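Number of protein chains: 2
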Amino acid sequence: MNERSSVFPLIRETGRKNEAAILTAALDAFGENGFNGASMRDVATAAGTSLSNLYNYFPSKSHLLAELLRLANDEQLARVRTAVEAAGASPVARMHAAVTAFVGFVVDHTTASRVAISEIRYLSGVNRKEVVAARDSTQGIFEEIVASGVRSGDFRTPYPEDVVRSILSMCAAISTWYDPGGRLSKDALCDRHARYALALLEAGRL
Amino acid sequence: MNERSSVFPLIRETGRKNEAAILTAALDAFGENGFNGASMRDVATAAGTSLSNLYNYFPSKSHLLAELLRLANDEQLARVRTAVEAAGASPVARMHAAVTAFVGFVVDHTTASRVAISEIRYLSGVNRKEVVAARDSTQGIFEEIVASGVRSGDFRTPYPEDVVRSILSMCAAISTWYDPGGRLSKDALCDRHARYALALLEAGRL
DNA sequence: TCGCGACATGAACGAACGTTCTTCCGTGTT
DNA sequence: AACACGGAAGAACGTTCGTTCATGTCGCGA
Chain A
412 MNERSSVFPL IRETGRKNEA AILTAALDAF GENGFNGASM RDVATAAGTS LSNLYNYFPS
472 KSHLLAELLR LANDEQLARV RTAVEAAGAS PVARMHAAVT AFVGFVVDHT TASRVAISEI
532 RYLSGVNRKE VVAARDSTQG IFEEIVASGV RSGDFRTPYP EDVVRSILSM CAAISTWYDP
592 GGRLSKDALC DRHARYALAL LEAGRL
Chain B
412 MNERSSVFPL IRETGRKNEA AILTAALDAF GENGFNGASM RDVATAAGTS LSNLYNYFPS
472 KSHLLAELLR LANDEQLARV RTAVEAAGAS PVARMHAAVT AFVGFVVDHT TASRVAISEI
532 RYLSGVNRKE VVAARDSTQG IFEEIVASGV RSGDFRTPYP EDVVRSILSM CAAISTWYDP
592 GGRLSKDALC DRHARYALAL LEAGRL
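Residue numbers (my numbering), protein chains in the order written: chain A, 412 to 617; chain B, 412 to 617.
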C-alpha cells in the first residue's frame with residue numbers, strides 16, 4: 412500500500428475522467444522537481460494525456476498547485492481535528508492524539524507534505540490565503556491544547572506561545588527524510604514524536 | 412547590521428572584482444524565487460553587471476548555487492565546532508553551546524539557511540556530496556554530544572540515535588519564519604532553542 | 001611596445017516554457 | 001436530424017531560459 416492508496420486517500424476520483432490522474436501526476440512532478448522545475452508537459456505525460464487537455468481541467472499551472480495544497484492541508488486538518496475530538500479531556504492525551512494524527516498524515520502522504528511545505532511560496536493571492544488558513548487552523552488546535560495543559564499544570568514549558576511552532580516544524584520535517592522501507596515504522600514514528608512533543612512541553616514524567 | 416554584514420560574513424571579497432556581488436545577488440535571487448524561479452538575468456541585474464559576465468566567474472548556474480551552499484554549510488559547521496570546543500566537558504554545556512551556535516547562524520544568515528534547506532535538491536553529483544558531507548559533519552558533532560550525555564546519565568532520552576534529527580529540523584526551520592523585527596531577539600531564540608533541545612534529550616531539571 | 005590575461009558587453013542560439021487556437025470525436029438531448 | 005457539450009489532441013504563439021560567441025577595453029609584466 413503506497414502513499415496514494417491510503418485508507419484516507421488524498422486524491423479521490425471526481426467524476427471527471429482524468430482529474431485524479433492529473434492531480435496525481437502533478438503531485439509527483441512537483442515533488443520530484445519542484446513547482447518551477449516541473450513542466451506542464453511532464454504532468455501531461457505522467458497523467459497519460461495531452462498537454463492541451465490539462466487546460467480543460469485546470470485553468471493554469473498555479474491552480475493545479477493550489478488544488479493539491481488545498482487537498483493536503485484540508486485532509487491533515489481533518490485528521491488532527493477528528494483525533495483530538497476522540498481523545499478525551501486530558502491535555503496529555505489530546506496532545507498525543509494530535510501529534511500522532513499529524514505525523515500519521517506526513518507518513519501516509521510524504522510527497523504531499525513535502526510539496527506543501529516547500530512549494531506554498533509559489534502560490535499567490537486567494538489561493539495562498541486559503542492554504543495558510545487551513546494550516547493556521549491546524550496550528551490553532553495544538554495551541555489550544557497547550558494553553559489548557561499549561562492552565563492545568565500538566566505542561567510546565569515557560570514558552571507556551573512558541574513551542575507549538577517547534578513541535579510542528581519537527582513533525583513536518585519528517586517528510587524530508589522519511590523512508591518507508593527504513594528502520595522506523597509509522598507507529599514508531601508517531602509514538603516517538605508524541606513523546607518528543609510532550610518533552611518539549613516539559614510534561615514531567617513521560 | 413543586516414544579515415550580509417555579520418561579524419562572520421558569509422560572502423567575503425575574493426580579490427575578483429565582482430565575485431562577492433554576484434554571489435550576494437544570487438543568494439537573494441534564489442531566496443526570493445527559488446533556484447528554478449530565478450534567472451541568470453535576474454542575478455546579473457542585481458549584481459550590477461551583464462548576463463554574459465557571470466560566466467567569467469562561474470561556469471554555470473548550478474556552480475553558483477553550489478558555491479553558495481558550500482559557503483553556508485562550511486561557515487555553520489565552523490561556528491558549531493568552535494563553540495563546542497570552547498564549552499568544556501559537560502554534555503549539557505556542550506549541547507547548549509552547539510544549539511546556540513547553530514541557531515545563531517540561522518538568525519545571522521536567514522536567507523542562506525533557507526536556501527540551503529530548500530534548494531540543495533537541485534545540486535547533483537560532486538557538488539551535492541560536498542554539501543551533504545558538511546551537513547553530516549555538523550550533525551555528527553551533535554550526535555557525539557548526545558552519546559556522551561547518555562553515557563554520563565545527563566540525557567535520559569530513550570531515542571538517542573533519532574533525537575538529533577528532530578533538534579536540527581526544529582532549529583533549521585527557524586529560517587522559514589524568523590523576523591528580525593519581531594518579538595524574539597537573537598539571544599532569546601538561541602536560549603529558547605537550547606532549552607528545547609535539552610528538553611528533547613530529557614536532561615532533567617532545566 | 002608588445003602581448004597576455006582578466007574583465008566586460010551585446011547579440012545571438014537553440015531549447016523549453018505556459019498558454020491558446022482550432023479542430024475533432026463521442027454521447028446524450030431536443 | 002440537429003444540436004450542445006465535455007473531452008481530447010496537434011500545432012502553434014510569444015516569451016523566457018541557460019549558455020555561447022565575437023569583440024573590445026584595460027592594466028601589467030616582459
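Note that these hints are calculated values from the structure, not bench results. This one's a predicted model, so the numbers in the text were calculated from it and none came from an experiment. Cβ coordinates follow ideal geometry from the N, Cα and C atoms, glycine included. Wrong hints could be hidden among the right ones.
Derived DMTMM-like pairs: lysine to aspartate or glutamate, alpha-carbon spacing no greater than 25 Å straight-line [claimed, not checked]:
| no. | chain 1 | residue 1 | chain 2 | residue 2 |
| --- | --- | --- | --- | --- |
| 1 | B | K472 | A | D453 |
| 2 | B | K540 | A | E443 |
| 3 | A | K597 | B | D453 |
| 4 | A | K472 | B | D453 |
| 5 | B | K428 | B | E496 |
| 6 | A | K540 | B | D590 |
Computed list of chain B residues with no C-beta within reach of chain A, every gap over 12 Å [said to hold, decoys possible]:
| no. | residue |
| --- | --- |
| 7 | E424 |
| 8 | S461 |
| 9 | S463 |
| 10 | G499 |
| 11 | T521 |
| 12 | S529 |
| 13 | A545 |
| 14 | R567 |
| 15 | G592 |
| 16 | R603 |
| 17 | R606 |
| 18 | E613 |
| 19 | A614 |
Not everything, but these chain B residues come out facing chain A in the computed CB check (under 8 Å) [what the hints assert, rightly or not]:
| no. | residue |
| --- | --- |
| 20 | G445 |
| 21 | S450 |
| 22 | Y570 |
| 23 | P571 |
| 24 | D573 |
| 25 | R576 |
| 26 | S577 |
| 27 | S580 |
| 28 | M581 |
| 29 | Y589 |
| 30 | P591 |
| 31 | Y607 |
| 32 | L611 |
| 33 | G615 |
Could you check the structure against the hints above and give me the numbers of any it violates, in ascending order?
-> Violated hints (numbers, rising): 3, 5, 12, 14, 16, 17, 18, 19, 21, 23, 29, 30 and 33; every other hint is consistent with the structure.
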